[in-house]
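S.K.: So the protein lines, in turn, are chains F and Z.
For the first sequence, the working numbering assigns the number 23 to the initial residue and increments by one for each residue that follows.
For the second sequence, the working numbering assigns the number 711 to the initial residue and increments by one for each residue that follows.
Check each hint, because a few of them may be wrong.
Stated by the list, open to error - Which chain Z residues stay away from chain F? Per the calculated CB distances, all over 12 Å, these:
{"#": "1", "residue": "A784"}
{"#": "2", "residue": "E834"}
{"#": "3", "residue": "G891"}
{"#": "4", "residue": "E972"}
{"#": "5", "residue": "C1080"}
Stated by the list, open to error - Here chain Z is said to cover these stretches of chain F; the calculated rule only asks that three of the stretch's residues, wherever they fall, bring their Cβ under 8 Å from a Cβ of chain Z:
{"#": "6", "stretch": "218-231"}
{"#": "7", "stretch": "401-415"}
{"#": "8", "stretch": "507-517"}
Read the hints as simulated data drawn from the structure, not as lab findings.
Predicted, not measured: the structure shown is a model, and the values here were computed from it.
Positions of the beta carbon are idealized from the N, C-alpha and C atoms, including for glycine.
Okay, here's what each chain looks like letter by letter:
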Amino acid sequence: MLAAVRSATLIGVDGQPVTVEVHVSSGLPAYQVVGLPDAAVRESRERVRAAVLSSGLEWPQRRITVNLAPGGVRKTGSGLELAVALGVLGANDALPAGVLDGVAVLGELGLDGSVRAVPGTLALVDALARAGVSSVVVPLPNASEAELVGDVRVRAARTLGELRACLKGEEPWPDWDPPAPPADDGCATGTVDDELVDLSDVRGLPFARQALEVAAAGGHHLLFCGPPGTGKTMLARRLGTILPPLSHPEALEVTRIHSAAGMPVGGQLVRRRPFRAPHHTASTAALVGGGSGRARPGEITMAHRGTLFLDELGEFAPSALDALRQPLEERAVRISRQGVSLTFPAAFQLVACSNPCPCGSGGNECRCTDAQRERYRRRLSAPLLDRFDLRVRVDAPESDDVAGESSAEVAARVAVAHERQRARYADWPWSQNAHVAAGAVPRLLPLGPEADSVWRELIADRQLTGRGATRIRRVARTIADLADSAGITAEHLESAAAMRGDVP
Amino acid sequence: MSGPDRVPLDPVEVAAATLASLPDMTHRRLRALIERGGGPVGALAGLERGLAAAVLCEGASTAELPARQSLARAWQTAARSDRTARTLVARRTRVHVVGRPGYPLDEDLPDRPEVLLAEGDVPEALDRPRVAVVGTRAATPNGLDDARQLGATLARAGVTVVSGLAIGIDGAVHEGALDAGGAVIGVVATGLDVVYPRRHRILFDRVRASGLIMSELAYGTQPRHYAFPVRNRIIAGLAQLTVVVEATLKGGARITADFALEYGRTVMAYPGSRRNPASAGANQLLYDGATVVLDPADVLLELGFSGSGARPEQRALPLGDQAAVLEACHGEPATLDQLASRARLSPAQVVAAVRALERDGWMERSRGLCWPR
Chain F
23 MLAAVRSATL IGVDGQPVTV EVHVSSGLPA YQVVGLPDAA VRESRERVRA AVLSSGLEWP
83 QRRITVNLAP GGVRKTGSGL ELAVALGVLG ANDALPAGVL DGVAVLGELG LDGSVRAVPG
143 TLALVDALAR AGVSSVVVPL PNASEAELVG DVRVRAARTL GELRACLKGE EPWPDWDPPA
203 PPADDGCATG TVDDELVDLS DVRGLPFARQ ALEVAAAGGH HLLFCGPPGT GKTMLARRLG
263 TILPPLSHPE ALEVTRIHSA AGMPVGGQLV RRRPFRAPHH TASTAALVGG GSGRARPGEI
323 TMAHRGTLFL DELGEFAPSA LDALRQPLEE RAVRISRQGV SLTFPAAFQL VACSNPCPCG
383 SGGNECRCTD AQRERYRRRL SAPLLDRFDL RVRVDAPESD DVAGESSAEV AARVAVAHER
443 QRARYADWPW SQNAHVAAGA VPRLLPLGPE ADSVWRELIA DRQLTGRGAT RIRRVARTIA
503 DLADSAGITA EHLESAAAMR GDVP
Chain Z
711 MSGPDRVPLD PVEVAAATLA SLPDMTHRRL RALIERGGGP VGALAGLERG LAAAVLCEGA
771 STAELPARQS LARAWQTAAR SDRTARTLVA RRTRVHVVGR PGYPLDEDLP DRPEVLLAEG
831 DVPEALDRPR VAVVGTRAAT PNGLDDARQL GATLARAGVT VVSGLAIGID GAVHEGALDA
891 GGAVIGVVAT GLDVVYPRRH RILFDRVRAS GLIMSELAYG TQPRHYAFPV RNRIIAGLAQ
951 LTVVVEATLK GGARITADFA LEYGRTVMAY PGSRRNPASA GANQLLYDGA TVVLDPADVL
1011 LELGFSGSGA RPEQRALPLG DQAAVLEACH GEPATLDQLA SRARLSPAQV VAAVRALERD
1071 GWMERSRGLC WPR
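In isolation and in its complexed conformation, chain F is listed as follows:
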């Protein structure tokens, strides 16, 4: 007897539909799983058997073969167990024929027959919906998350026995509580580490604030360099408060990734842009993804559509930092494993802080020797530094400096600048100035005659490379967008050049 149940497994942060085929035939009692299962899937045998028996159902004392198709994809995790159990029941004639047509099943089983939550429900259901599945059965705690996908009918399962009764039409499907409403709109004020933050907390530093605003508006990577305690970190942590909230497609994307990585999303869309601040001892795998066993998304993928904040940039392992270079360019990271090559999205904005030298003061009081400073500087490779469009020196504010604008005021300007960019790049595959392809810069970011002469002067004075010059031009465009100006003026170029200092 044969039964087939649709389910799905995670590959990286994406779902992959899987068909679970169960064949029960005469022969010595045996249970075999084929089709590249990993250890967790193979282990499921005992759980499935115990769950079936605990639910008061019969376990066929015959030869059971479970095949997971497609055979070439490695299946991971325990989310296939419920599908296997239903397959066994189906193949054993314990389910009416046809009830599982067009239905996909996700869930892990407990020994008592209860159905437990699985990570990555959103990604799995999304993949199933694309594959044409009209209805999914998910564990009750994942039901509201699965509903986010939209165009698929979601059913919840609490126990295997109840699920069988529901499928047979003997019992009504269980209901679930809607998720708690979002605490706040996450726009005007952000919370970081449960601390309320706003840009008006920062005194003075007009130039650094402007750099932060430009970074938010144009998606430019930003490096603050300065002595400890001057407000670099404070500023950087407030970037999220001036960024517009995620759009609906972006929110779906981010929620899917976070759910697949096993972060609790609470059954609702992530609306606030992610802000990830890994510690400087983070390994290369922790930053860019990979690791032993199942390839896991790294911090850069968790920061997709948001901010990756690296405090004390010079303290990170140089190898880990250099691994960021390719994802910074391609906005995705490819991880190759035995047999598979995974692509994790990584469209993050990099914000980093660094001290100018080991003693930190950098200025007149610096007592570091030239050799010490040189060694410290060499920890940050030139190609990495080059990828920061904005490199700003920050020192302590003046004693009589007053608080600056609030996040809401700045966020309004940033939103306008975003709108201008969206309109300009409607026909292009990017939506922010920072991502304009170098080849398209002369056409899309034209300079007037006056700006052009300043531009040439800048290149000659600062001995800019073609790439460095292009970066300044993109930043100048963002400054112009923030000023609601149609063209790039000489003043915008000068400001952009000043924001790309030769720090640290």
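Here the structure of chain F is known, so what remains is to put chain Z in place on it, guided by the hints.
M.R.: Chain Z only, in chain F's frame:
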């Protein structure tokens, strides 16, 4: 095979260079050899007739005698080789010998080098006024900046900068002079074919191309800690004036300054904070009577250059925003943030003002900081 510009090898120069490259040679031994042999050629010939043993064993204790005698035999063997002559040809080395025209030092100096080897494309560097600029390897950014600026000022006035090609002040002054298109002399404490410190490989090449590298030591001599203070007397001797930019209390720069004072030359020093260990040596020199340098042009004045030519030409004073920004610097490096806050200007105004000040030479900018010059 000989260099294009120096065809015949001078027998005196070859003899002197050969003597200088004998094992364990010191400048005292070399002087004794040449004086007793009646000149380098005579001394080289005299080695075979027991001159080596006579010079080496004079005043040696009985315990030292066997070692001295074996060294004398080693000298005799080494002197028969023509390796030095071949190297001189291959590397187009110039040999300066005491008593011959072109010897660049004062021959009355008590511990003058008998032989000086020089390599480089601009031998005329020796014909100009020469100023030694020395300082600590552990220099502060301000010290390095002062050194670079002084190097450039001297170079523009046509003065040859003499220094030791070390890390820190030495390297910075060489760079400053080279960047300004000047001639420089680097005196090294190794053989001329050894690059030490390795980090200055490119600087060595630049010095060769725009000046001279000099040494009294044989080709192949590796760096030894005791060789550096000995080398410093040549730096002091070559220059008519020695400037100390930053020096620690006990460092090579102090030694150079002491030699310069011993030779009766002027010593000048840059003052620094009493809290800055890298300035302690320079401050001590000032306390002991060295001439103070408040502006690089002071060095030119001390050399006797006319004030009008040496001082920078008069520029129009900055006005408006520019004046406010320059004032806001408080004479120290400041960030654009600090300038904007202090001058109460918008970031864009500050950027424009700084750029204009930079263009007119009122301000410098590096590593995200601006400072008045």
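S.K.: With reference to the structure, classify each hint as holding or not holding.
M.R.: Hint-by-hint comparison with the structure:
No beta-carbon of chain F comes within 12 Å of the beta-carbon of A784 of chain Z; the shortest separation is about 39 Å. For E834 of chain Z, the shortest C-beta to C-beta distance to chain F comes to about 30 Å, beyond the 12 Å cut-off, and the non-interface label holds. Every C-beta of chain F lies more than 12 Å from that of G891 of chain Z, the closest at about 18 Å, which supports listing it as non-interface. No Cβ of chain F comes within 12 Å of the Cβ of E972 of chain Z; the nearest lies about 29 Å off, and the non-interface call holds.
For C1080 of chain Z, the shortest C-beta to C-beta distance to chain F comes to about 9 Å, within the 12 Å cut-off, and the non-interface label is violated. Counting residues of the stretch 218-231 of chain F whose CB lies closer than 8 Å to any CB of chain Z gives 5, which reaches the minimum of 3, so the coverage claim holds. With 3 residues carrying a beta carbon less than 8 Å from a beta carbon of chain Z, the stretch 401-415 of chain F meets the three-residue requirement, and the given coverage holds. Coverage of the stretch 507-517 of chain F by chain Z holds [criterion: at least 3 residues with CB-CB distance below 8 Å; count 3].
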